[in-house]
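Whenever a hint applies, use it, and build me the whole structure from the sequences.
Okay, here's what each chain looks like letter by letter:
2 protein chains.
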Amino acid sequence: MNLNPIQLFDTESSTFTYILTGPGSNQAVIIDPVDHHWERDLRHLERLGLQLVYVLETHAHADHVTSAGKLRELTGAQAAVPSGCGIAPAELQLNDGDVIRFGDGEEIKVLHTPGHTAGSMSYIWRGNAFTGDTLLIDGCGRTDFQSGSSDALYDSVSAKLFSLPQETRMWPGHDYKGQAVSTIGWEKRHNVRLANRSREDFCKLMSELNLPKPKLIDVAVPANQNLGLPHGA
Amino acid sequence: MNLNPIQLFDTESSTFTYILTGPGSNQAVIIDPVDHHWERDLRHLERLGLQLVYVLETHAHADHVTSAGKLRELTGAQAAVPSGCGIAPAELQLNDGDVIRFGDGEEIKVLHTPGHTAGSMSYIWRGNAFTGDTLLIDGCGRTDFQSGSSDALYDSVSAKLFSLPQETRMWPGHDYKGQAVSTIGWEKRHNVRLANRSREDFCKLMSELNLPKPKLIDVAVPANQNLGLPHGA
Ligand SMILES: [Fe+2]
Ligand SMILES: [Fe+2]
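Order-wise, the sequence lines are chains A and B. Per this note's numbering, residue 2 is the first one in the first sequence, and the count goes up by one each step. Per this note's numbering, residue 2 is the first one in the second sequence, and the count goes up by one each step.
Just so you know, the hints here were simulated from the structure itself, not pulled from any lab data. Beta carbons: idealized from backbone N, C-alpha and C, even for Gly. Among these hints, one or two may not hold up.
In silico BS3-like pairs for lysine-lysine, Cα to Cα no more than 30 Å straight-line [stated by the list, open to error]: (1) B:K178 to A:K71; (2) B:K189 to A:K71; (3) B:K178 to B:K189; (4) A:K110 to A:K71; (5) A:K189 to B:K216; (6) B:K71 to A:K178; (7) A:K178 to B:K216; (8) B:K178 to A:K216; (9) B:K178 to B:K161.
Now the stretches of chain A that chain B is said to cover, found in silico as 3 or more residues with beta-carbon under 8 Å [what the hints assert, rightly or not]: (10) 5-12; (11) 43-50; (12) 181-187.
Quick look at the structure:
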C-alpha cells in the first residue's frame, strides 16, 4: 500500500527533507536533511516516537549543506549515500539495485539516476519515488556542474524513472512553487522539459539555460562530501 | 493503518491544506484550502488522478479566505462545514459525532472542539487528527474573537483531543516554525500552553496574550461564511 512520507521544507534553499516509516516498527529513515534544521528534524522523530536508522542522501548538494553527519552522531543512525558522490565518511556506499531494509519489512530500492550529478540516486519505497534533483515537478535539475550530463539525465528519466508504474508518487528534492508531490505518469505526459521531447531537443534546451553558479557550491560540495561535518572532525 | 495526508502550505498565512485519500479508490477529501492556491490544489488532484468529493473546513477562518466554493464549483465536490460557523451555503452542516464517508470505506469522524471559535471542529481519519486552530504544535489558537473561549478550548483539548490514542498523528491548521506534524501524546506531555496546566493558569495565560486584531478578519470571516465566493454570487 502506498504510504506517504512526512515532508519537511527548507525555505532558504527550497529543499525537501523526507521522513519514511512503516507500520509495525518505530524505525525511520530520513532523506536529504538540511544543516540548520537538525533540531526540527530530531523533534519530529521524538514527537512521533521514531528511531532513526538511516540517513540517506540523493547526491552531494551544491545549494545547501546536509545535517547527515550531525544526525548520525546524535542518533546512531548510519549514513547511506550514492557510491559515486565522493562522500567518503558514510557507512554505506550505495550502488544501483541495492536494497535498504528497515522497520518491519520496509524496503527502499536504490536506482542510479545520473545527470544532475554523476552519482545521483533515486530511492523507491512503497509506490513512492524520491527523485532528488534528477526529476522535479514539471522540471528537472541542472546538468552543468559536478559531472552533470544532459545526455545522462535524459536516459535516467526516460529509461528508468518513466518506466516505473505510472501511479508512483514522485517526491522531488526541491520545489520553488509551493508544490508537494506529483506522479510518474503525469510527469511522463506533461513535464515541460522532458515529456515528448527528443534527446537533441532536451540537450539543446539544457545547454541554453545559462544559470548562475550556485552561491554555495564551493563550500557546500566539500562540506557535503564530509556529511556536513567540519573537515578534520 | 496510519496513512499520512498530503500536506500543502500557504506561506502568506502559514496555513496548512490537507489532501486525504485511501487505497482502492481515487476519491479524495481536502481540508482548509486557501483561496489563491486553488490552481495548485487542483493540479495536485489532477497529477495524482484524484476525484474531489468533499471540501472540509475546520472553522470560519479570520486570517485567510477559503477556496472551498471555487473548488466545489470546479469539481462537483460537496462542501462540509461545522454547523456552528454560519457557513450557510455548504451542503453538509456537520455536528459532533458525524462520520464523513468516502473512497473504499474511508471514514472521517467529526469532533466538536470549540474554543478558538465556537464552531471549530477537528477531524479524525486513520490515526490522524486534523485539529484546525484548536491545537497547534506546541501551541494553540487564540480565543479572543468569533465567540472564542479559553474555557471551552481547555475542555476541547484536555477532555477530547488528549483522550485520543497517544500515537495519533496531529496535523495542525497552522505552523509558524517550519514544523509539519506532532502526536497527541507528545502534545499532552509537552505542549507549552496546555500540558500539565490548570484551567485557571491556562485561561490567565490566554487572557494576557494581547494579540493584535488579525488584519483580514473583517473581510475573511464573512467571505469564509460564503465559502470564499463573492456575496450575491
Ligand atoms: Fe542538487
Ligand atoms: Fe483560525
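Results of checking the hints against the structure:
With a CA separation close to 21 Å, the supplied pair B:K178 and A:K71 stays within the 30 Å bound. For a cut-off of 30 Å, the pair hint linking B:K189 to A:K71 stands: about 29 Å separates their Cα positions. Taken as a hint, the B:K178 and B:K189 pair is honoured in the structure, with Cα atoms around 20 Å apart against an allowance of 30 Å. Simply put, A:K110 and A:K71 have alpha-carbon atoms about 25 Å apart, close enough for the 30 Å limit, and the pair holds.
Note on A:K189 and B:K216: the hinted pairing is violated, with a Cα-Cα distance of about 43 Å set against a maximum of 30 Å. At most 30 Å may separate the alpha-carbon atoms for a hinted pair to count; B:K71 and A:K178 meet this at roughly 21 Å. Note on A:K178 and B:K216: the hinted pairing holds, with a Cα-Cα distance of about 25 Å set against a maximum of 30 Å. Distance check on the hinted pair: B:K178 and A:K216 sit about 25 Å apart at the alpha-carbon level, within 30 Å; holds.
Between B:K178 and B:K161, the direct Cα distance comes to roughly 26 Å. Compliance with the 30 Å bound is thereby established for this hinted pair. Using a Cβ-Cβ cut-off of 8 Å, 8 residues of the stretch 5-12 of chain A lie near chain B, which meets the minimum of three, so the contact claim holds. Three residues within the 8 Å Cβ limit are the bar, and the stretch 43-50 of chain A against chain B gives 6, so the coverage statement holds. Restraint check on the stretch 181-187 of chain A versus chain B: 6 residues with Cβ-Cβ distances below 8 Å, three needed, restraint holds.
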